[in-house]
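J.: Below are the chains, spelled out letter by letter.
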Amino acid sequence: MIANLFHLLKRDLGLLLLGGRRGGAVLPVLFFLAVAMLFPFAIGPDPVLLTRIGGGVIWVAALLAAILPIDRLIEPDLEQGMFDQWALRSLAEEWIILIRITAHWLSFGPPLMLAALPAAALLGIDGPTLRLVELGLLAGTPGLAALGVTVAALTAGLRGGAALGGLLVVPLAVPLLVFGAGSLATGGQSGLALTAAVSLALLALSPFAAGAAIRAARA
Amino acid sequence: MQACRLALSDLSCRRGDRVLFRGLNCALSSGDALHVAGSNGIGKSSLIRIAAGLLPAYAGTVFSQGTIALLDERPALDPHQPLDQALAFWAALDGVDHASRDRIATQLGLLELRDVPFRYLSTGQRKRAALARLLGQRAEIWLLDEPLNGLDTAAVKMVEGLIAAHCQAGGIALVASHQPIALPGSRRIDLAGYQA
Numbered sequence: 008m009i010a011n012l013f014h015l016l017k018r019d020l021g022l023l024l025l026g027g028r029r030g031g032a033v034l035p036v037l038f039f040l041a042v043a044m045l046f047p048f049a050i051g052p053d054p055v056l057l058t059r060i061g062g063g064v065i066w067v068a069a070l071l072a073a074i075l076p077i078d079r080l081i082e083p084d085l086e087q088g089m090f091d092q093w094a095l096r097s098l099a100e101e102w103i104i105l106i107r108i109t110a111h112w113l114s115f116g117p118p119l120m121l122a123a124l125p126a127a128a129l130l131g132i133d134g135p136t137l138r139l140v141e142l143g144l145l146a147g148t149p150g151l152a153a154l155g156v157t158v159a160a161l162t163a164g165l166r167g168g169a170a171l172g173g174l175l176v177v178p179l180a181v182p183l184l185v186f187g188a189g190s191l192a193t194g195g196q197s198g199l200a201l202t203a204a205v206s207l208a209l210l211a212l213s214p215f216a217a218g219a220a221i222r223a224a225r226a
Numbered sequence: 011m012q013a014c015r016l017a018l019s020d021l022s023c024r025r026g027d028r029v030l031f032r033g034l035n036c037a038l039s040s041g042d043a044l045h046v047a048g049s050n051g052i053g054k055s056s057l058i059r060i061a062a063g064l065l066p067a068y069a070g071t072v073f074s075q076g077t078i079a080l081l082d083e084r085p086a087l088d089p090h091q092p093l094d095q096a097l098a099f100w101a102a103l104d105g106v107d108h109a110s111r112d113r114i115a116t117q118l119g120l121l122e123l124r125d126v127p128f129r130y131l132s133t134g135q136r137k138r139a140a141l142a143r144l145l146g147q148r149a150e151i152w153l154l155d156e157p158l159n160g161l162d163t164a165a166v167k168m169v170e171g172l173i174a175a176h177c178q179a180g181g182i183a184l185v186a187s188h189q190p191i192a193l194p195g196s197r198r199i200d201l202a203g204y205q206a
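Quick mapping for you: the protein sequence lines, in order, are chains A and B. Using my numbering, the first residue of the first sequence is number 8, and each one after it goes up by one. Using my numbering, the first residue of the second sequence is number 11, and each one after it goes up by one.
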C-alpha cells in the first residue's frame, strides 16, 4: 500500500514538475511573474501606492497561477482509464487524490514562493512585508492546491471543463485570499493562522469530495 | 493460481432510460472462458464494467472471488512516455520483476518498441501494450472488452493463445467481442437473447 502510494507520487511528480508533459511548473510561475509585472505598468511608478497594494497583487497573481494547470490535473487520467485500473487494484480514490494534491503543491507552491522574491522587487515590497507574504503563501498554497485538484475532479469530463474549473476556483478561494492578503494589512499572526486553518480544512475535505466526484464520473 | 469464481445472477443493466439487458445469469469457475457476443450498443462493455465492479448493476448481483484485471479500449498508459516507462509504472504497482517484464515484452513482440513514445504506436501495437499491462497484473479473472480490435491475424491467434494459457493455469476469462474468437470450451452467450 505505502509502496504503491510512493510509485503514484513518483509518477505524479514526473508529470507535473519541471519538464513534465502536463505543462510543468514553469508556465504558472511565468504567468505569476507576468501578472506581477503588469501592475506597475498599469498603475504607474508610484512607489508608495505600489508598496501598499504589492502584497495583495502577489496574492491575486498566485491565485490566477494556481488556476492554470487545472484541466491537466485529473482529466487525462480519467480519460485514459487510469482511475479504473487503480480501482481494480484496490487503491482508494481518496489516497490517489491526496498524492495528486501533494504533487500539485510541490509543482507550484515552492516555485511561486521563489518567484515572489523577484515579484516583490518589481512591486517595491519591503522586507517585513515580504516575510509575511512568503509565510502567507506557505500557509495558503496547500489549500489552493487542494481546491485546484477538487475542482479538476468535479469538472473532469465536462465540456468546457477547464474554463468552468477556473470560474469555480475563484469564489472558493476567496477565504484564502481574504485571510492571506488580510494578514498583510493587520501585520499580525492571526491572519496567517486563519489562512493556515482554511488551508487545512480544504486539505482535509478535498480528498473525499474529489474521490466522490471521480466515482460519480465513472457511473 | 488460486481457485477463483465469477457469478452473475439475474443481472440487468440500465443506461440512461433504456434497459440494455435483463435476467442475465452465468457462473464461471477456474479454467472457464465465456464469449459475450452481440451487436454494437447492446451492452457488452457495460456488462464487463459491471462485472469489474466499476458500474452499478440496475438489478441482480455480481459475485467474484479472485483478483480482477480489465482490458478495454483505454490502455491506461501515459501517451507521452516511452512504452517501457509507461509499462514500468504498472510493473512497479503490480510487483513485476525485470525478468518477467522482458519475457512478457518478448511474448507480445514489444521489444523493438520500448523506446517509442506510446502515442506514436499504432492501434494494434497499443492493444498489445495494454495486454502487457494485463499479463503483468497476474490477476485470476480477466475481463476483456473487445480484445481483438485493431489486431492483425497473427496477433489474434496470439491473444487466443494467451487466453487459453490463462484458463489452463486456472484463470477465468470473460470476453466481450463482436468478432468470432476461439476460446477454450467455446462457451458463448449472445446478449440479443437478454434484451428487455
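Read the hints as simulated data drawn from the structure, not as lab findings. Since the model is a prediction, treat every value here as computed from it, not as a measurement. We put the CB at the ideal spot given by N, CA and C, even for glycine. Worth double-checking, as some hints may not be accurate.
Stated by the list, open to error - Cut-off 20 angstroms, straight-line C-alpha distance, at most; resulting in silico cross-link-like pairs (SDA-like, lysine to any residue):
1. A:Lys17 - B:Pro92
2. B:Lys167 - B:Leu201
3. A:Lys17 - B:Glu156
4. A:Lys17 - A:Pro117
5. B:Lys167 - B:Thr133
6. B:Lys167 - B:Ser187
7. B:Lys167 - B:Tyr130
8. A:Lys17 - B:Pro127
9. A:Lys17 - B:Asp94
10. B:Lys167 - B:Ala179
11. A:Lys17 - A:Leu85
12. A:Lys17 - B:Ala98
13. A:Lys17 - A:Leu113
14. A:Lys17 - B:His108
15. A:Lys17 - B:Asp107
16. A:Lys17 - B:Ala102
17. A:Lys17 - B:Pro89
18. B:Lys167 - B:Gln178
19. A:Lys17 - B:Ala179
20. A:Lys17 - A:Leu98
21. A:Lys17 - A:Arg138
22. A:Lys17 - A:Gly131
23. A:Lys17 - B:His90
24. A:Lys17 - B:Asp104
25. B:Lys167 - B:His188
26. B:Lys167 - B:Pro127
27. A:Lys17 - A:Glu82
28. A:Lys17 - B:Gln91
29. B:Lys167 - B:Cys177
30. A:Lys17 - A:Thr136
31. A:Lys17 - B:Ser187
32. B:Lys167 - B:Ala102
33. A:Lys17 - A:Leu129
34. B:Lys167 - B:Glu156
35. A:Lys17 - B:Gln95
36. A:Lys17 - A:Arg96
Unchecked claim - Some chain B residues near chain A, calculated using beta-carbon distances under 10 angstroms:
37. Arg59
38. Gln75
39. Ile78
40. Ala79
J.: The structure should be examined with respect to each hint, and the outcome stated for every one.
T.: Here's how the hints hold up against the structure:
no.: 1; hint: A:Lys17 - B:Pro92; result: 16 angstroms, holds
no.: 2; hint: B:Lys167 - B:Leu201; result: 25 angstroms, violated
no.: 3; hint: A:Lys17 - B:Glu156; result: 32 angstroms, violated
no.: 4; hint: A:Lys17 - A:Pro117; result: 18 angstroms, holds
no.: 5; hint: B:Lys167 - B:Thr133; result: 17 angstroms, holds
no.: 6; hint: B:Lys167 - B:Ser187; result: 15 angstroms, holds
no.: 7; hint: B:Lys167 - B:Tyr130; result: 24 angstroms, violated
no.: 8; hint: A:Lys17 - B:Pro127; result: 19 angstroms, holds
no.: 9; hint: A:Lys17 - B:Asp94; result: 16 angstroms, holds
no.: 10; hint: B:Lys167 - B:Ala179; result: 18 angstroms, holds
no.: 11; hint: A:Lys17 - A:Leu85; result: 18 angstroms, holds
no.: 12; hint: A:Lys17 - B:Ala98; result: 12 angstroms, holds
no.: 13; hint: A:Lys17 - A:Leu113; result: 12 angstroms, holds
no.: 14; hint: A:Lys17 - B:His108; result: 19 angstroms, holds
no.: 15; hint: A:Lys17 - B:Asp107; result: 18 angstroms, holds
no.: 16; hint: A:Lys17 - B:Ala102; result: 11 angstroms, holds
no.: 17; hint: A:Lys17 - B:Pro89; result: 17 angstroms, holds
no.: 18; hint: B:Lys167 - B:Gln178; result: 16 angstroms, holds
no.: 19; hint: A:Lys17 - B:Ala179; result: 34 angstroms, violated
no.: 20; hint: A:Lys17 - A:Leu98; result: 16 angstroms, holds
no.: 21; hint: A:Lys17 - A:Arg138; result: 31 angstroms, violated
no.: 22; hint: A:Lys17 - A:Gly131; result: 38 angstroms, violated
no.: 23; hint: A:Lys17 - B:His90; result: 16 angstroms, holds
no.: 24; hint: A:Lys17 - B:Asp104; result: 15 angstroms, holds
no.: 25; hint: B:Lys167 - B:His188; result: 16 angstroms, holds
no.: 26; hint: B:Lys167 - B:Pro127; result: 26 angstroms, violated
no.: 27; hint: A:Lys17 - A:Glu82; result: 19 angstroms, holds
no.: 28; hint: A:Lys17 - B:Gln91; result: 14 angstroms, holds
no.: 29; hint: B:Lys167 - B:Cys177; result: 15 angstroms, holds
no.: 30; hint: A:Lys17 - A:Thr136; result: 36 angstroms, violated
no.: 31; hint: A:Lys17 - B:Ser187; result: 36 angstroms, violated
no.: 32; hint: B:Lys167 - B:Ala102; result: 29 angstroms, violated
no.: 33; hint: A:Lys17 - A:Leu129; result: 35 angstroms, violated
no.: 34; hint: B:Lys167 - B:Glu156; result: 14 angstroms, holds
no.: 35; hint: A:Lys17 - B:Gln95; result: 12 angstroms, holds
no.: 36; hint: A:Lys17 - A:Arg96; result: 18 angstroms, holds
no.: 37; hint: Arg59; result: 8 angstroms, holds
no.: 38; hint: Gln75; result: 15 angstroms, violated
no.: 39; hint: Ile78; result: 5 angstroms, holds
no.: 40; hint: Ala79; result: 7 angstroms, holds
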